[in-house]
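Protein chains in written order, with our numbering: chain A, 1 to 115; chain B, 116 to 231.
If you are wondering where the hints come from, they were derived from the structure by calculation, not from laboratory data. Every residue gets a Cβ at the ideal spot worked out from N, C-alpha and C, and that includes glycine. Heads up, some of the hints might be wrong.
Output of the computed footprint for chain B on chain A, the stretches with three or more beta carbons under 8 Å from beta carbons of chain B [said to hold, decoys possible]:
1) 14–23
2) 84–95
Taking CB as the label site, the calculated pair distances span [as the list claims (entries may be wrong)]:
3) A:111 / B:226: 35 to 41 Å
4) B:162 / A:73: 25 to 31 Å
5) B:169 / A:16: 48 to 54 Å
6) B:196 / A:41: 36 to 42 Å
7) A:5 / B:169: 42 to 48 Å
8) B:146 / A:55: 17 to 23 Å
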Amino acid sequence: NAGVMQNPRHLVRRRGQEARLRCSPMKGHSHVYWYRQLPEEGLKFMVYLQKENIIDESGMPKERFSAEFPKEGPSILRIQQVVRGDSAAYFCASSRDRAYNSPLHFGNGTRLTVT
Amino acid sequence: AQTVTQSQPEMSVQEAETVTLSCTYDTSENNYYLFWYKQPPSRQMILVIRQEAYKQQNATENRFSVNFQKAAKSFSLKISDSQLGDTAMYFCAYLGGSSNTGKLIFGQGTTLQVKP
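Generate coordinates for the entire structure from the input sequences, incorporating the hints supplied.
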């Protein structure tokens, strides 16, 4: 059973461009979470989705950031008009059931660098 | 709001010895979950161990065990017989049990180096 797959592994964007980060959850997992890790810090929650629905987006910046998890295909974290402060590692995790019923499995992350 | 604190930014241990990583947290909830995650240089977050707050017995997973002190809000990780492959950053994390969310709250991390 393949783990959580994130791509690309590294992404370089110039200021003002758009960044699209993809996440394919583990087989059988319908719950997806996105986290952001700044250098030398722990992960910070961004958003929780369950197949086509956003359940909790309390950690998402109000502007430029959006996330989706369509019925078919991977979950996408989209950052419009990137700025240098968006440079970070973005991690996706998935679970079979709600987080307090089943453990989160994390991907290897996408490192976004904004130049 | 819940917080998680790891007061040891860096630690080192000799191979085969035992090391304990500290974690304290703050919450007003009675039901919650605590985790230790390992992040090696490959950057992947790997679940090491999980503890449910309503369980008094400390969780163990092979060489990894926790000392869960609910009243003191302390959740330390003990690694026995340390191996070179244990070198990584370790994060303590908290998950509230009363809400429908995947909002893990992470500490700042402890970098552990196992020396040969």
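Evaluation of the provided hints:
Here's how the stretch 14–23 of chain A fares: 0 of its residues keep a CB closer than 8 Å to some CB of chain B, so the rule of at least three is not met and the hint is violated. Restraint check on the stretch 84–95 of chain A versus chain B: 4 residues with Cβ-Cβ distances below 8 Å, three needed, restraint holds. The supplied range of 35 to 41 Å is broken by residue 111 of chain A and residue 226 of chain B, whose beta-carbon atoms lie about 18 Å from each other. Distance hint check: the CB atoms of residue 162 of chain B and residue 73 of chain A are about 26 Å apart, consistent with the given range 25 to 31 Å.
A hinted range of 48 to 54 Å holds for the C-beta pair residue 169 of chain B and residue 16 of chain A, which are about 50 Å apart. A C-beta distance of roughly 30 Å is found between residue 196 of chain B and residue 41 of chain A, which places it outside the suggested range of 36 to 42 Å. At roughly 34 Å, the beta-carbon separation of residue 5 of chain A and residue 169 of chain B lies outside the given 42 to 48 Å, and the hint is violated. In this structure, residue 146 of chain B and residue 55 of chain A meet the distance hint of 17 to 23 Å, their C-beta atoms being roughly 19 Å apart.
Of the numbered hints listed earlier, those contradicted by the structure are 1, 3, 6 and 7.
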